Amino acid sequence: MNATLGSLPDAAAAKFLTTGVLENSEPLPRAAIDKISETTQREAEPVRQLFDEAMKRHTPAERTSADAWLAPVLHATLRLTRREASDPGLWNYLAIGLAPEYVYWRHMSRGNPPTVSRTRFSGPFYSQAFARLWWAAELFRDGPDYGPVAVACANQDVMNTVLRLEMILHRPTAQAIIRLLATNVIRTGRQVNALAGAVNTAGGTLSYEALAPDAARDGDAYRDWIEELAGELVPYDTLPSGPADGRARPASVDVLSTLFKQLYTEIPAGRETPD
Amino acid sequence: MKRIMPYPVLTGEVTMTIREARLDDVQLPYSVISEQDRTVVPRPLERDDWEVIRLGVQVRAQRYELDAGPWLSLSFLATASERRTNAHSAVKLMMGQPGEWTGEVEIHRDDHVGRVQVSGQLVATVDGVPGRVIATVNRPWTVDLRPGTTAHRESIDTQWANFAEDSRFSWCKTDPWTVTTTDETATLVLNSGFDGLRAVLESPTAADRATREALAAQIAVDLWSTLFNEAVYHVEGHDWPEGWRGQVLRRMLPDIFPDYSPDDALHEIVNGGTGAIQARVLHAAAKQARMPRSLGGFIRSLRKVGPEDE
Numbered sequence: 001m002n003a004t005l006g007s008l009p010d011a012a013a014a015k016f017l018t019t020g021v022l023e024n025s026e027p028l029p030r031a032a033i034d035k036i037s038e039t040t041q042r043e044a045e046p047v048r049q050l051f052d053e054a055m056k057r058h059t060p061a062e063r064t065s066a067d068a069w070l071a072p073v074l075h076a077t078l079r080l081t082r083r084e085a086s087d088p089g090l091w092n093y094l095a096i097g098l099a100p101e102y103v104y105w106r107h108m109s110r111g112n113p114p115t116v117s118r119t120r121f122s123g124p125f126y127s128q129a130f131a132r133l134w135w136a137a138e139l140f141r142d143g144p145d146y147g148p149v150a151v152a153c154a155n156q157d158v159m160n161t162v163l164r165l166e167m168i169l170h171r172p173t174a175q176a177i178i179r180l181l182a183t184n185v186i187r188t189g190r191q192v193n194a195l196a197g198a199v200n201t202a203g204g205t206l207s208y209e210a211l212a213p214d215a216a217r218d219g220d221a222y223r224d225w226i227e228e229l230a231g232e233l234v235p236y237d238t239l240p241s242g243p244a245d246g247r248a249r250p251a252s253v254d255v256l257s258t259l260f261k262q263l264y265t266e267i268p269a270g271r272e273t274p275d
Numbered sequence: 001m002k003r004i005m006p007y008p009v010l011t012g013e014v015t016m017t018i019r020e021a022r023l024d025d026v027q028l029p030y031s032v033i034s035e036q037d038r039t040v041v042p043r044p045l046e047r048d049d050w051e052v053i054r055l056g057v058q059v060r061a062q063r064y065e066l067d068a069g070p071w072l073s074l075s076f077l078a079t080a081s082e083r084r085t086n087a088h089s090a091v092k093l094m095m096g097q098p099g100e101w102t103g104e105v106e107i108h109r110d111d112h113v114g115r116v117q118v119s120g121q122l123v124a125t126v127d128g129v130p131g132r133v134i135a136t137v138n139r140p141w142t143v144d145l146r147p148g149t150t151a152h153r154e155s156i157d158t159q160w161a162n163f164a165e166d167s168r169f170s171w172c173k174t175d176p177w178t179v180t181t182t183d184e185t186a187t188l189v190l191n192s193g194f195d196g197l198r199a200v201l202e203s204p205t206a207a208d209r210a211t212r213e214a215l216a217a218q219i220a221v222d223l224w225s226t227l228f229n230e231a232v233y234h235v236e237g238h239d240w241p242e243g244w245r246g247q248v249l250r251r252m253l254p255d256i257f258p259d260y261s262p263d264d265a266l267h268e269i270v271n272g273g274t275g276a277i278q279a280r281v282l283h284a285a286a287k288q289a290r291m292p293r294s295l296g297g298f299i300r301s302l303r304k305v306g307p308e309d310e
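Heads up: the protein sequence lines correspond to chains B and L, in order. Numbering follows our numbering, with no gaps: position 228 of the first sequence is 228. Numbering follows our numbering, with no gaps: position 168 of the second sequence is 168.
Accuracy of the hints is not assured; some may be wrong.
[Unchecked claim] Not the full set, but computed from the structure, chain B residues with beta-carbon under 7 Å of chain L:
| id | residue |
| --- | --- |
| 1 | Thr77 |
| 2 | Leu80 |
| 3 | Ser86 |
| 4 | Arg179 |
| 5 | Thr183 |
| 6 | Leu206 |
| 7 | Ala210 |
| 8 | Leu211 |
| 9 | Asp218 |
| 10 | Gly219 |
[To be verified] Some chain B residues near chain L, calculated using beta-carbon distances under 8 Å:
| id | residue |
| --- | --- |
| 11 | Arg79 |
| 12 | Trp105 |
| 13 | Trp135 |
| 14 | Leu139 |
| 15 | Gly143 |
| 16 | Leu169 |
| 17 | His170 |
| 18 | Thr205 |
| 19 | Ser207 |
| 20 | Glu209 |
| 21 | Thr258 |
| 22 | Lys261 |
In short, the hints are calculated from the structure, not lab data. If you're wondering where the values come from, they're calculated on a predicted model, not measured in any experiment. Glycine included, C-beta positions come from ideal geometry on N, C-alpha and C.
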């Protein structure tokens, strides 16, 4: 295997994803994958270790809880700009070339025969096995604080529904939703989906950006953080530190969490007592 | 058809203009901005070390409507967003004269990679509720950062091919021309094996002018109606398709549904299909084909096409 990570374009990735591969009954041709991938400067080993560590720390039965551990450390280990993260080639390579074992471990369905959905290997950012974790970390972190990421990733409905909603690209909106989750105003998957629906609908007529202005992110600080990677060991037992590119404005998060709480109590799901 | 809102919204248009573009504080020539296509293609982006593009933006709404309406605390938020990089930023513009806002939208290289949509919302307090969206920009802009694109790009290419010898065209080998499309471009392919076609289209003599124009117009009508139907096929939901498909629809829908706003017209073809309106499509295509500027440009583009195996 290569010592650096590669980039595997979508079209090439698709060719490797045969039915046999998706059912894990046919091995992926590692050598051919490395040969066709473009090389990058990123070291493969530290990333490879994360996936092994995640499988060591969680039993197969608690595989979904691996998301909350892996998302922050993956984000802090890769240190990508959003521009770089938008390239599916890297994600394809991680899933197909570097760590298919992890994809099987985390995403194998219980069907007959058991199979992994193709989009877990190569697919949109909210489905692909590693892209979804990186983007969850990027979109839910509050500046350097990955705490909200752990909350978001611990709830599969946030990962499956909320992550793909455009409204969370506004940081105070994302933080306000996570706050309602962290303070147990909402708990179950049904409640998460009901809240997301209500907030999204109200967002059609209300400008959250106007009600809750956000400060611009500090791109230079983000760059500095990327460059600091060389001298840092990303911790496994405590949350790592993310880029100090500015937190969502606290007053704005306050305004929106109050508003969302109110929106939530106005819909049927919100009037149920939490179970 | 504007969406029906439970409060009064603006009925007039809100237009956005991009007046200037600066790349790392160096002013770019105005030619990078295409008002017609609402596109900015900041050159030269071959350089990989730029950091930020700043766009000088101006927004106008109809003042008399704003004065007469029940809206308080108006503010305008300009946005830059790109779904591929999940980037979305909003900036408040300054109000100059009533109904006019100006400001600067920033596009950071680290956050973007392809087509960035620049748009915005007019927000006001209505019936005591703050933060209501009362209008959005009618035609958003696109800042295209993809390498190899230029503003004013002729998104319809033309090439010659001998249909009899080219397997791609074996199904239409006796036709004088055909149209092929991809997401990026539409290509008009002219059959060099068709007797006399090239001679007429490339004739330099004034005597052939009438024939040349009639023929070019005929080709153009075919081209526009094919492109229209192809573009409609790619409309998903109520969103305008990207690239040439969006441009074709924006040009032709006003002639197909003259009484509708562009968005309404789009909804109409999404809901009603195009089966029953083919005569109107032909009318709109003919109108496009007859436009002196587009026809002149079209003929010029036919003549400047190089040799076949380019």
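How the hints compare with the structure:
1. At a threshold of 7 Å, the smallest CB-CB gap from B/Thr77 to chain L is about 18 Å, leaving the interface hint violated.
2. Checking B/Leu80 against chain L: minimum C-beta separation of about 9 Å lies over 7 Å; hint violated.
3. The interface hint given for B/Ser86 holds, since its Cβ lies 4 Å from the closest Cβ of chain L, which is under the 7 Å cut-off.
4. The restraint placing B/Arg179 at the interface with chain L is violated, with a minimum CB-CB distance near 19 Å, outside the 7 Å limit.
5. Hint status for B/Thr183: violated, given a least beta-carbon distance of 23 Å to chain L, over 7 Å.
6. Because the closest C-beta pair between B/Leu206 and chain L is about 5 Å apart, less than 7 Å, the hint holds.
7. Because the beta carbon of B/Ala210 sits about 4 Å from the nearest beta carbon in chain L, less than 7 Å, this interface hint is met.
8. This hint holds: B/Leu211 has a C-beta 4 Å from the nearest C-beta of chain L, less than the 7 Å allowed.
9. Violation of the interface hint for B/Asp218 is found here, the shortest Cβ-Cβ separation to chain L being roughly 11 Å, above the 7 Å cut-off.
10. For the restraint placing B/Gly219 at the interface with chain L, the shortest Cβ-Cβ distance is roughly 5 Å, inside the 7 Å limit, so the hint holds.
11. Taking 8 Å as the C-beta cut-off, the interface hint given for B/Arg79 is violated, the closest approach to chain L being about 12 Å.
12. The interface hint given for B/Trp105 is violated, since its Cβ lies 27 Å from the closest Cβ of chain L, which is over the 8 Å cut-off.
13. With its C-beta approaching chain L no nearer than about 6 Å, B/Trp135 sits inside the 8 Å limit, and its interface hint holds.
14. For the restraint placing B/Leu139 at the interface with chain L, the shortest Cβ-Cβ distance is roughly 6 Å, inside the 8 Å limit, so the hint holds.
15. The interface hint given for B/Gly143 is broken, as the beta carbon of that residue sits about 16 Å from the closest beta carbon of chain L, more than 8 Å.
16. Against a cut-off of 8 Å between C-beta atoms, the interface hint on B/Leu169 holds, since the closest Cβ of chain L lies about 4 Å away.
17. Interface hint status for B/His170: upheld, as the beta-carbon distance to the closest one in chain L is roughly 7 Å, under 8 Å.
18. Taking 8 Å as the C-beta cut-off, the interface hint given for B/Thr205 holds, the closest approach to chain L being about 6 Å.
19. Taken as an interface hint, B/Ser207 checks out: its beta carbon lies about 5 Å from the nearest beta carbon of chain L, inside 8 Å.
20. Using the Cβ-Cβ criterion of 8 Å, the hint placing B/Glu209 at the interface with chain L is satisfied: the shortest such distance is roughly 4 Å.
21. Here the hint on B/Thr258 is broken, as its CB sits about 13 Å from the closest CB of chain L, past 8 Å.
22. Contact between B/Lys261 and chain L, as hinted, is not supported at the beta carbon level, the nearest pair being about 16 Å apart and thus beyond 8 Å.
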